[in-house]
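There are 2 protein chains.
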Amino acid sequence: MNLKQLSEMLGLSQTTVSRALNGYPEVNEATRERVLQAVKETGYRPNKAAQRLATGKAGSIGLVMPTAPGHQSDVHFGEFLAGLGEEAVRHDFHFVIMPADPDDEVAALRRLAISGNVDALFVAYMRGHDPRLPMLKSLSMPYVVHGRSFGSEPDYPYLDIDNEGAFYDATRLLLQLGHTRFALMNGPMHLDFAIRRKNGVISALAERGLALHEDCISHALMTDEQGLLAMEHFLQLPARPTAILCASTVLALGAIRAVNQAGLRLGEDISLIAHDDVLPLLKPENFSVPLTTTRSSLRAAGVRIAQRLIGTVKQAGPFPEQELWKTELIVRASTGPAPQQL
Amino acid sequence: MNLKQLSEMLGLSQTTVSRALNGYPEVNEATRERVLQAVKETGYRPNKAAQRLATGKAGSIGLVMPTAPGHQSDVHFGEFLAGLGEEAVRHDFHFVIMPADPDDEVAALRRLAISGNVDALFVAYMRGHDPRLPMLKSLSMPYVVHGRSFGSEPDYPYLDIDNEGAFYDATRLLLQLGHTRFALMNGPMHLDFAIRRKNGVISALAERGLALHEDCISHALMTDEQGLLAMEHFLQLPARPTAILCASTVLALGAIRAVNQAGLRLGEDISLIAHDDVLPLLKPENFSVPLTTTRSSLRAAGVRIAQRLIGTVKQAGPFPEQELWKTELIVRASTGPAPQQL
DNA sequence: AGTGGCATCCAAAGCGCTTTCAATTATGTA
DNA sequence: TACATAATTGAAAGCGCTTTGGATGCCACT
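So the protein lines, in turn, are chains A and B.
Be aware that the first sequence starts at 51, since it is given in the working numbering, and climbs by one per residue.
Be aware that the second sequence starts at 51, since it is given in the working numbering, and climbs by one per residue.
Source of the hints: derived by calculation from the structure; they are not laboratory data.
Don't take every hint at face value.
Note: identical chains are not told apart, hence a pair may lie in one copy or across any two.
Stated by the list, open to error - Straight line, CA to CA, 25 Å or less: simulated DSS-like cross-link-like pairs of lysine-lysine:
1. LYS107 / LYS54
2. LYS187 / LYS90
3. LYS54 / LYS90
4. LYS333 / LYS376
5. LYS107 / LYS187
Sequences and hints are given; from them, build the entire structure.
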């Protein structure tokens, strides 16, 4: 069933039927009713590809999903997608997801953009000096970046959380509790948020004349295994750190296993603060020792970015170009006063 | 840059350029080279919407993502998507994801199918007597179902794991270890896999003349919190079960917390077997007491389903219509002999 | 020279929709 | 009653691609 058949059935022109369906005012209400009724009966749905071709819009947001045989799927990705979806479903938008090898992301994004399949782009996993940024700017297609790109002029539309502030605050809390030996369990070094979180820690420490030793920084994929390994490494250092900052509750999961295996007590021998993306799977309050966290909902960020993206496509703007969300610092039992020096 | 411009630039007709690009034989090799060269220089990419309209194919797989404000994002979904993507990227296929309220899935799937921007459909979260099945059958569009639908004639293309067999085997192992008091921590009651797993447990028990008491079955969303609650309930039963079968490692996470909080020892006071979808986040071998599991990789299933779907679209068939994968039973430390009766 | 076959290429139709421009009819006003 | 105006509808062009159904020229053969 297509427009032509439907209009013939109704004895109307395609023009009128199309207008009736798209809410144009210049069509008789009685006629519109008749059309709507026929749509219900026949189950007619406009062909999206044709709509897209005719209008240049198709109600879709494009994103690239990094994937490869060895590549670990990322819980954060799913959670973010849920947020995007929550908003998209309200506007009858859908997603076009292009899987791509992580090494091929720039090209994949470009292909997606000029495929004519999407109205707007969403971009995540930002890096320092991210090469996708200049490409996106040259594209004349709306986009919103989740995160920022350290070292690039901040003149692009983004939504980010204040990573530096979050880790600055967390570090200060630990300093106030008397800790002096710190370690940072970070995400992959090239990612923007990792850079900023590290800066936050360093600048808070610097205010007390402290520095973060290279041995006390780990950069790794955010999996519990990496958390375990990193923590094992920290624990065997001669001057064992007592305060750990951790980029994710996933890493914390492994880190805490290492702490337990070493026979140490979390919140007493070792204090730990993790960043919490509010993953439904990993609630910091449910850890055996509830976790002190810096918190910001990934899902909420997804909702908001979808709002901006869809709003821009529908010209429902204007939206702020840049948003920086503060995180919350939530104190639970995994932080405590620094243990007495031996 | 579109076909017309490109062909004018080359002094060729659109026909010839199109043929050159799509590998038709009736074009001079020299000409084809020239076209390919021009494509490289200009960065021309065909408009997918137009291709779709002209050919009826667009290299895309459609799927519905259940989502709603309160709806928890599902780790399994992300993992599965990663599998699909891994295969899709090899064939330059992409996904069209339609977010939909869980109550609206049938209609959403239908809209997606007749929207004309997908070539094939993938369907998951199957239920007993699933209403999507008759709809899909009426659609004349290729699809593959992940899972099955209990109570429906199995005459549709699916890939499923042998849920009944997995839980039958797991239960038998526990029986052999001398356990007699069983509990089942299952997924939502209406889901197909939950029905089959329960059947597996029941039939293994029946062989020994045992039954599964209603109090010893829980049906819940597969989150760690629900696991905690269910286990707390089991532990306070007068005849406390000593053998727990658990539908997911996520549930197990919470269940084990409850065991620990009750001061019981996993693998001694309580034996537990969980089904493991091989989520990168939750490795059963990394639990403080490594988990005995029935294992089947969700991601591998994604890869396989993508193969079948894409193969069908590209007419690279034939593929088996029905596949039932056996699971592995992997024994670790969370299972042990039944404790002595008091 | 005439014919068929082959290798190349092109014009134009068509995919299903939107939208411009124009036509027709109804409504109101002088 | 005549005419401007508004309300409704339609014909046809166009979005960018593929594909059908020829063209055209060149060659080998008879």
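Okay, the hints, checked on the actual structure:
1. LYS107 / LYS54: Both: 21 Å inside a copy, 21 Å across copies.
2. LYS187 / LYS90: between (43 Å within a copy, 21 Å between copies)
3. LYS54 / LYS90: within (16 Å within a copy, 39 Å between copies)
4. LYS333 / LYS376: within (20 Å within a copy, 33 Å between copies)
5. LYS107 / LYS187: Within. Shortest intra-copy distance 20 Å satisfies the 25 Å Cα cut-off; inter-copy 31 Å does not.
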